[in-house]
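Those sequence lines, one after another, are chains Y and D. In terms of this note's numbering, the first sequence opens at residue 1 and continues consecutively. In terms of this note's numbering, the second sequence opens at residue 1 and continues consecutively.
Keep in mind that the hints were calculated from the coordinates and are not lab data. There may be inaccurate statements among the hints.
[As the list claims (entries may be wrong)] Below are the SDA-like pairs computed for lysine to any residue, each with C-alpha atoms no more than 25 Å apart in a straight line: (1) D/Lys-644 x D/Gly-625; (2) D/Lys-97 x Y/Thr-54; (3) D/Lys-92 x Y/Glu-277; (4) D/Lys-5 x Y/Leu-128; (5) D/Lys-92 x D/Tyr-46; (6) D/Lys-97 x Y/Gly-36; (7) D/Lys-337 x D/Glu-201; (8) D/Lys-5 x Y/Ser-127; (9) D/Lys-97 x Y/Ser-116; (10) D/Lys-92 x Y/Arg-34; (11) D/Lys-97 x Y/Ile-292; (12) D/Lys-92 x Y/Arg-27; (13) D/Lys-97 x Y/Phe-42; (14) D/Lys-97 x Y/Thr-37; (15) D/Lys-92 x Y/Phe-41; (16) D/Lys-588 x D/Arg-623; (17) D/Lys-539 x D/Met-559; (18) D/Lys-588 x D/Gly-625; (19) Y/Lys-144 x Y/Arg-34; (20) D/Lys-5 x Y/Ser-116; (21) D/Lys-97 x Y/Thr-33; (22) D/Lys-337 x D/Phe-391; (23) D/Lys-337 x D/Met-381; (24) D/Lys-92 x Y/Ala-40; (25) D/Lys-539 x D/Leu-169; (26) D/Lys-337 x D/Leu-169; (27) D/Lys-644 x Y/Thr-37; (28) D/Lys-97 x Y/Thr-121; (29) D/Lys-5 x Y/Glu-277; (30) D/Lys-92 x Y/Ala-122; (31) D/Lys-97 x Y/Arg-274; (32) Y/Lys-144 x Y/Glu-277; (33) D/Lys-5 x D/Gly-77; (34) D/Lys-97 x Y/Glu-277; (35) D/Lys-337 x D/Arg-348; (36) D/Lys-97 x Y/Val-38; (37) D/Lys-92 x D/Val-124; (38) D/Lys-92 x Y/Thr-37; (39) D/Lys-92 x Y/Leu-128.
Nothing here was measured: the structure is a model prediction, and the numbers come from that model.
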Amino acid sequence: MILPRFIRNAILARQRASLPLRLSRRRIYVLPTRAGTVFAFFLLAMLVAAINYTNNLAFLLTFLLGSISILSAIHAYANLAGLEVESGRLFPAFCGDDARLQLFFRAGGRERRRISVRVGTAEDSVSLSAGAGRELDLNIPTIKRGVFPLGRLVVATRYPLGLFRAWSPLVLPVTGVVYPRALAVESLDRHHLGGDGDEEGLGAVGPSGEFGGVRPYRPEDGMSRISWKASARGAGLFAKEFRSGIAATLVFDWDEVHSSGYEERISLLAGLVREAERLGLCYGLRLPGLSIEPGSGAGQAHRCLEALALLPERP
Amino acid sequence: MIHDKRRFSVTLLALAVAFAPHLPRVPGFVGAFVCLAWGYALGMQYRGWPVPPRWLRALLALGCLALVLFTYGRSFGRDAGVALLSLMLGLKAVESKSVRDMLALLFLAYFVVVTNVLYSQTLVMSAYMFLSVLAVTAALVHLHSGESRILPDLRRGGLLLAQSLPLALLLFVFFPRLQGALWGVHDEREEGVSGFSETLEPGSVAGLSLSREVAFRVDFPGFIPERNSLYWRGLVLDSFDGQTWFRELPFEFAQPRNAPPPAGSVSYTLTMEPHNREWVFALDLPVSAPRGTVLRSDQTLASLRMVGARVRYELVSVPAPPLSPVPGPQWEALPEKGNGRARELAARWRSEGLGPRGLVEAVLGLFRDGGFVYTLRPGAMSVDIIDQFLFATRQGYCEHYSSAMAFLLRAAGVPARVVVGYQGGEQNPMGGYLIVRQSDAHAWVEAWIDGRWQRVDPTSVVAPQRLVTGVETFVPQGEGVLPPEGLRVMRRVGRFFQLGWDAANNSWNQWVLGFSHERQRSLWERLGVDPTTRSGAGKLAVILALGLCLVLGGVFGFMLRARRGERDEVAFLYRRFCRRLARLGLPKGPAEGPRDYARRIGGLRPDLKQAVRSVVDAYIAVRYGVSGDPAGFKRLVDEFMGRKM
């Protein structure tokens with residue numbers, strides 16, 4: 001159904017929310033589910049039977065069931081109302097992989113049962129006891145590199161009876177980055193790189209270089225660099241340091257990689273960055289109009305991959 | 001998957017609770033099929049038994065349908081519907097996989113609960129109905145909660161049920177009631193609910209003497225008349241064929257008196273249990289006919305329809321019979337032959353010149369002094385039963401005495417008739433009403449004396465106790481194992497519970513089951529609202545709307561209140577401690593931690609330094625340390641509060 005633009009905008013404006021957020025009656029909608037509609041027909045049949053047999057106990061039971069179903073709408077609403085969405089974070093992912101959405105919910109004063117959160121096709125549910133907070137991870141499929149706006153997130157519940165569904169559509173200010181699809185690069189050999197034989201540092205780079213001891217861990221080192229053995233002594237985390245005999249500083253240059261097309265070139269560069277990071281090398285990136293100085297660690301990888309992700313769609 | 005198994009078993013359990021009362025009612029094959037199907041469904045969940053193929057399920061469904069049609073034939077009513085519903089429950093359970101299937105099963109379970117009500121509406125059954133609604137609701141909650149435990153879901157189901165009760169009651173009271181059914185209801189109630197029959201022969205009343213079943217209950221707004229004057233007239237019998245008294249003359253309808261009820265009249269409310277006949281019992285002589293009944297010329301009431309459900313009548317009666325026209329010869333008629341000695345006796349009395357009154361006295365005298373015994377087991381009699389009774393056995397029950405007396409009076413030329421009904425009744429002190437049971441069934445005589453039909457009860461001379469204490473005195477008692485004293489106490493306790501139970505049942509019948517169109521109308525009248533007028537209907541709508549708002553608002557507020565966390569004893573004590581210091585002019589700064597606070601106070605009030613220090617150290621140990629001692633902290637705070645400063 002295609003709505004006029006101004007209506008869509010109005011709806012979007014209503015659903016837009018900033019974090020942290022507390023679900024209030026302005027954002028919560030309650031309607032009967034399909035099962036609820038079926039149940040209404042059941043109730044009608046019971047009522048007709050009660051009238052026909054003039055059976056007061058049947059009347060009483062019918063009204064009791066009717067009241068239960070009406071009140072279950074209030075229960076569903078109360079299950080959602082006052083729920084707090086404290087933060088939301090969308091982690092970067094390579095295109096084609098699932099991006100991890102991390103939401104943090106807080107129950108507020110009441111317990112919450114089975115609150116389902118859905119973004120597109122990804123769905124999961126969470127239950128909270130009163131006053132508790134909990135993280136919920138959703139894996140959201142990605143199809144395109146670039147800035148990834150989260151889109152509409154629906155927080156809903158059918159608790160307690162499934163006859164009513166209370167839901168709240170939210171457009172949160174959460175955006176992420178989808179890295180380009182990364183080509184698998186078996187080894188960093190000349191084949192992928194332009195420039196024949198310049199000793200920018202390729203040559204024989206082993207998978208890890210030579211182990212050169214440990215130093216205190218820095219966040220940008222990444223998980224793979226942690227020396228668990230050294231860290232196990234309890235004096236903080238330590239990272240392994242590699243002292244490769246070969247100057248392991250690579251600069252991946254846009255103009256120098258062999259590739260057939262625009263997107264393929266981006267993918268190849270992304271693959272190279274991923275591989276270099278996996279090997280713990282020091283690398284940089286040179287793109288048209290942008291140059292990233294060599295470095296290493298998760299931060300460097302993110303800088304490089306983000307730059308690739310944000311390249312314009314057309315050359 | 002383990003979750004689904006659990007959910008399935010909970011669903012099935014709720015279903016079983018709802019279905020249990022039907023088990024003895026449905027035909028054997030239906031019950032067996034349902035149990036087998038459920039067992040197999042459980043096996044599918046837990047043992048991985050294969051799902052029956054589609055063709056087999058279709059075959060089973062068709063087979064079930066055919067069996068039901070075969071069993072019930074063309075009378076497709078309540079019973080057949082329930083049998084079919086049960087079979088569906090079995091089949092559906094076998095093919096249930098998804099949450100949606102289980103949802104459908106639970107909806108069916110609700111339906112089963114409602115069909116139970118069409119069979120039985122007793123208090124026990126009603127309580128069980130509420131229990132099964134709770135079970136099904138809890139199962140529904142369990143289906144949607146994602147919890148592995150069942151207890152929180154049971155609690156939530158109970159909460160929903162409890163919150164629904166006021167709303168349901170509101171709807172129950174306000175929902176407009178119709179008179180009669182929407183379409184014809186085939187009455188499947190079994191015929192011949194116990195109660196006496198339309199004829200009187202030896203043994204017909206005595207057979208009821210052991211039945212404790214309630215015939216009707218009576219509520220007197222004022223005082224309850226003496227027990228021995230409570231004669232509930234049901235039916236007047238006019239003809240005798242040598243063995244049986246019965247009704248032959250057509251009933252004539254009397255004009256209800258429009259005059260205000262005469263002095264000495266008694267008004268009362270009578271709630272009659274269904275008996276599937278048209279008779280309506282009333283105390284002595286009813287003055288007017290309540291809705292749905294007619295007053296007959298012999299001063300008995302009859303319902304226009306068979307009394308197939310519990311009915312409530314508002315009645316007014318007078319004890320004294322009115323003047324009535326001279327009865328026709330049929331009121332003196334007797335069979336041509338038989339019972340010769342009784343006839344002789346009557347003729348002799350008559351030749352002695354006794355008038356009607358004298359004759360009545362003579363008969364009563366005979367019963368009193370002639371060695372007659374009042375017994376429930378008079379022994380069988382075949383021919384000339386009046387003669388046998390009067391001159392041979394001299395043992396009989398009220399039907400023998402009244403039959404013989406009416407015979408003698410008629411033989412002596414006095415118009416006489418036999419009345420059957422009930423006599424007496426047990427007063428329930430817990431409800432302030434009277435219970436009349438089948439065992440109170442009675443028969444007596446009315447003779448036409450001085451222009452009126454006057455009551456003569458021969459039992460009153462033979463067994464005066466019968467009229468005061470009821471028939472139980474005459475029921476033979478078995479040999480007890482308990483000593484008599486213990487037995488008496490036991491019986492008194494049993495009686496207490498029995499009466500309390502009857503009072504509860506009576507209230508239930510009166511207020512819930514008996515809430516009819518008429519009672520709804522009278523409730524509106526009492527509220528001063530006439531729903532037939534526009535303004536009255538508006539008022540009613542306003543009352544209903546207010547009630548709904550109140551109930552829904554209450555639930556809304558209750559559900560949205562934030563539940564306070566468990567009280568934090570340590571934080572509470574620390575706040576107390578800080579308040580105490582604030583009263584001394586040393587308030588804690590908003591961002592001041594305990595240690596800084598203690599240091600500052602130590603500087604300002606050296607006298608308190610040590611005490612404050614120890615409290616704060618204990619607080620820090622309890623709150624942030626691993627080896628805190630809450631009890632010690634409490635002691636320190638208490639000491640500090642008790643200090644003179």
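Structure-based check of all given hints:
1. Restraint check for D/Lys-644 and D/Gly-625: the C-alpha separation of about 30 Å exceeds 25 Å, so the hint is violated.
2. As the CA atoms of D/Lys-97 and Y/Thr-54 are separated by approximately 38 Å, the hinted pair breaks the 25 Å bound.
3. Restraint check: the Cα-Cα separation between D/Lys-92 and Y/Glu-277 comes to about 58 Å, which exceeds 25 Å; the hinted pair is violated.
4. Under the criterion of a C-alpha separation no larger than 25 Å, the hint pairing D/Lys-5 with Y/Leu-128 is consistent with the structure, at around 23 Å.
5. A hinted pair counts as satisfied when its Cα atoms are at most 25 Å apart, and D/Lys-92 with D/Tyr-46 qualifies at roughly 17 Å.
6. Restraint check for D/Lys-97 and Y/Gly-36: satisfied, since their Cα atoms lie roughly 20 Å apart, inside the 25 Å limit.
7. The straight-line distance between the Cα atoms of D/Lys-337 and D/Glu-201 is roughly 18 Å, inside the 25 Å bound, and the hint therefore holds.
8. Restraint check for D/Lys-5 and Y/Ser-127: satisfied, since their Cα atoms lie roughly 20 Å apart, inside the 25 Å limit.
9. For the hint linking D/Lys-97 to Y/Ser-116, the alpha-carbon distance of about 21 Å falls within 25 Å, and the restraint holds.
10. Restraint check for D/Lys-92 and Y/Arg-34: the C-alpha separation of about 19 Å stays at or below 25 Å, so the hint holds.
11. Simply put, D/Lys-97 and Y/Ile-292 have alpha-carbon atoms about 57 Å apart, too far for the 25 Å limit, and the pair is violated.
12. Between the alpha carbons of D/Lys-92 and Y/Arg-27 the distance comes to roughly 39 Å, so the proposed pair goes past 25 Å and is violated.
13. Proposed proximity of D/Lys-97 and Y/Phe-42 is supported: the alpha carbons are some 22 Å apart, at most 25 Å.
14. Between the alpha carbons of D/Lys-97 and Y/Thr-37 the distance comes to roughly 21 Å, so the proposed pair stays at or under 25 Å and holds.
15. Simply put, D/Lys-92 and Y/Phe-41 have alpha-carbon atoms about 19 Å apart, close enough for the 25 Å limit, and the pair holds.
16. A threshold of 25 Å between alpha carbons decides the hint, and for D/Lys-588 with D/Arg-623 the separation of about 18 Å falls inside it, so the pair holds.
17. At roughly 30 Å between alpha-carbon atoms, D/Lys-539 and D/Met-559 are farther apart than 25 Å, so this suggested pair is violated.
18. Taking the CA atoms of D/Lys-588 and D/Gly-625, the gap is near 22 Å; set against the 25 Å cutoff, the hint holds.
19. Restraint check for Y/Lys-144 and Y/Arg-34: not satisfied, since their Cα atoms lie roughly 35 Å apart, outside the 25 Å limit.
20. Taking the CA atoms of D/Lys-5 and Y/Ser-116, the gap is about 21 Å. The hint holds against a cut of 25 Å.
21. Between D/Lys-97 and Y/Thr-33 the CA atoms are separated by roughly 20 Å; this keeps the pair inside 25 Å, and the hint holds.
22. Our distance criterion of 25 Å between C-alpha atoms is met by D/Lys-337 and D/Phe-391, whose separation comes to about 17 Å.
23. Of the supplied pair hints, the one linking D/Lys-337 and D/Met-381 holds, its CA atoms being roughly 17 Å apart against a limit of 25 Å.
24. A C-alpha spacing of about 20 Å is found between D/Lys-92 and Y/Ala-40, which places the hinted pair at or below 25 Å, so the restraint holds.
25. Our distance criterion of 25 Å between C-alpha atoms is met by D/Lys-539 and D/Leu-169, whose separation comes to about 19 Å.
26. For the hint pairing D/Lys-337 with D/Leu-169, the CA-to-CA distance comes to about 65 Å; that exceeds 25 Å, so the pair is violated.
27. Distance check on the hinted pair: D/Lys-644 and Y/Thr-37 sit about 70 Å apart at the alpha-carbon level, beyond 25 Å; violated.
28. With a CA separation close to 23 Å, the supplied pair D/Lys-97 and Y/Thr-121 stays within the 25 Å bound.
29. Proposed proximity of D/Lys-5 and Y/Glu-277 is contradicted: the alpha carbons are some 47 Å apart, above 25 Å.
30. Of the supplied pair hints, the one linking D/Lys-92 and Y/Ala-122 is violated, its CA atoms being roughly 31 Å apart against a limit of 25 Å.
31. As the CA atoms of D/Lys-97 and Y/Arg-274 are separated by approximately 45 Å, the hinted pair breaks the 25 Å bound.
32. At most 25 Å may separate the alpha-carbon atoms for a hinted pair to count; Y/Lys-144 and Y/Glu-277 meet this at roughly 22 Å.
33. Proximity of D/Lys-5 to D/Gly-77 is assessed by CA-CA distance (about 36 Å); at most 25 Å being required, the pair is judged violated.
34. Only pairs whose Cα atoms come within 25 Å are accepted, and D/Lys-97 paired with Y/Glu-277 is rejected, the gap being roughly 48 Å.
35. Using a Cα cut-off of 25 Å, the hinted pair D/Lys-337 and D/Arg-348 holds, with the two alpha carbons roughly 18 Å apart.
36. The suggested pairing of D/Lys-97 with Y/Val-38 holds, with an alpha-carbon distance near 19 Å, which does not exceed 25 Å.
37. With a C-alpha separation of about 30 Å, the suggested pairing of D/Lys-92 with D/Val-124 is violated against the 25 Å cut-off.
38. Pair hint D/Lys-92 plus Y/Thr-37 holds up; C-alpha atoms about 20 Å apart against a cutoff of 25 Å.
39. This hinted pair does not check out: D/Lys-92 and Y/Leu-128 have alpha carbons roughly 34 Å apart, beyond 25 Å.
In summary, the numbered hints that this structure violates are 1, 2, 3, 11, 12, 17, 19, 26, 27, 29, 30, 31, 33, 34, 37, 39.
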